[in-house]
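Student: Sequence:
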Amino acid sequence: MKILRILVSFLAVATAAAVFAADPTGTWTWAVHSPNGDIGTTARFESKDGRIAGKYSNEFGETTINNATVEGDVLAFEVVRDLGGNQFVVKYRGKIEGDTIKGTIEAPGFGGGEAQKFEWSAQRSTPAK
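Reminder that position 51 of the sequence shown reads as 50 in numbering that gives the first Met the number 0, one-by-one numbering, no gaps.
Because the hints were derived from the structure by calculation, they are not lab data.
Here are the computed lysine-lysine pairs in the DSS-like style, where the Cα-Cα straight-line distance is at most 25 angstroms: (1) Lys54 - Lys101; (2) Lys101 - Lys47; (3) Lys116 - Lys101; (4) Lys101 - Lys90; (5) Lys116 - Lys90; (6) Lys94 - Lys47; (7) Lys90 - Lys47; (8) Lys54 - Lys90; (9) Lys54 - Lys116.
Let's have the full structure, built from the sequences with the hints guiding it.
Tutor: Dropping the structure here:
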């Protein structure tokens, strides 16, 4: 009986977390600030088979969004980029508040340097469906 209560409590908490998770679907835009000027960036998220999938694009091309998760109101995802034949992973993490995401971008340090962290703020330009 005690195990049943624990199981029911666990399922209730898990269901509530899924119900109240923020919805990242839609198109999000932001600018990445670089020494050479701002780079307009777009991410399109959709929900497929209970998972978050999407595409990321900027002036350097389009790529698939990897490892996207939403836990509560926090969205996290990764993008693999290529610079001169060298691939690297850029990690995004941010809190969704309505049609805004604010958080951090983590990019690897080049030439063996430390990882770089930047602030990130995106606006949803196409609403969730």
